[in-house]
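Mapping the sequence shown onto our numbering, position 68 (from 1) lands on 68, and the numbers just tick up by one.
Don't take every hint at face value.
27 Å max Cα-Cα, derived DSSO-like pairs, lysine-lysine [as the list claims (entries may be wrong)]: (1) K24 / K6; (2) K137 / K72; (3) K52 / K159; (4) K137 / K159; (5) K24 / K137; (6) K159 / K72; (7) K24 / K159; (8) K159 / K6; (9) K52 / K72; (10) K52 / K2; (11) K72 / K2; (12) K52 / K6.
No lab work stands behind these hints, which were simulated from the structure alone.
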Amino acid sequence: MKIQEKWTYDAPADRVLQMVLDPKFQEAKCAAAAALTYSASVEEQPSGHVVKTEREMSTDGFPDNVARLVGKTLQIIETQRWGEPAEDGSCTADLDVSISGLPIRYTGTIELTANGDTTGMNVQGDLRANIPLFGGKIESAAAPGISSGVRIEAETGQKYLAG
1 MKIQEKWTYD APADRVLQMV LDPKFQEAKC AAAAALTYSA SVEEQPSGHV
51 VKTEREMSTD GFPDNVARLV GKTLQIIETQ RWGEPAEDGS CTADLDVSIS
101 GLPIRYTGTI ELTANGDTTG MNVQGDLRAN IPLFGGKIES AAAPGISSGV
151 RIEAETGQKY LAG
C-alpha cells in the first residue's frame, strides 16, 4: 500500500536538517505521537547520518481482530539514513519503519527540498504486511497510523522551529 505525505516548513533547509538530526526533536515527535516509551539516537557516518527511533505504541483503536493478532502494544523501529546535503541544502533519506516481531514494514524515502526561506518535505513509501490472509487488513489498519505519525512529526517540527 502506497503512502505519501507532503508539507512545508517556514525555515531554510539547513535549519530543518539540523532539526531532523537533533535527538531532542526525534524524542519530541515520539512523545507527541503518544508513545508509551521511546528512545532516539543520531549517528554521524562518512556518507551522512543515521537517525534511529524506537517507540512502544498502544494498539488501542485497532480493529479487534487485528489487535488480537498483534497484541496490546507494538514496538516500532524507524531508521532514516540521510545522505549529505546538496549545495542548495536539499537532502534525501532512505526510510525504514518496522514493527518488531511482525512481518510489517514501511520503506521509502524522505525528501527535504530547499526553497529559499522555506523547505518542502515529502515522505513516500510502501507499507507491506506479509501475513497470509490478514496482510491487507493489517495494512489497512496500520496505514492511518503511519500517516498520522508523519503529520504529528510535521506539527512537532513547526513547533520546534518556532522555538
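- Task: List in ascending order the numbers of the hints, as given earlier, that are violated by the structure.
- Result: Violated hints: 4, 5 and 6; rest satisfied.
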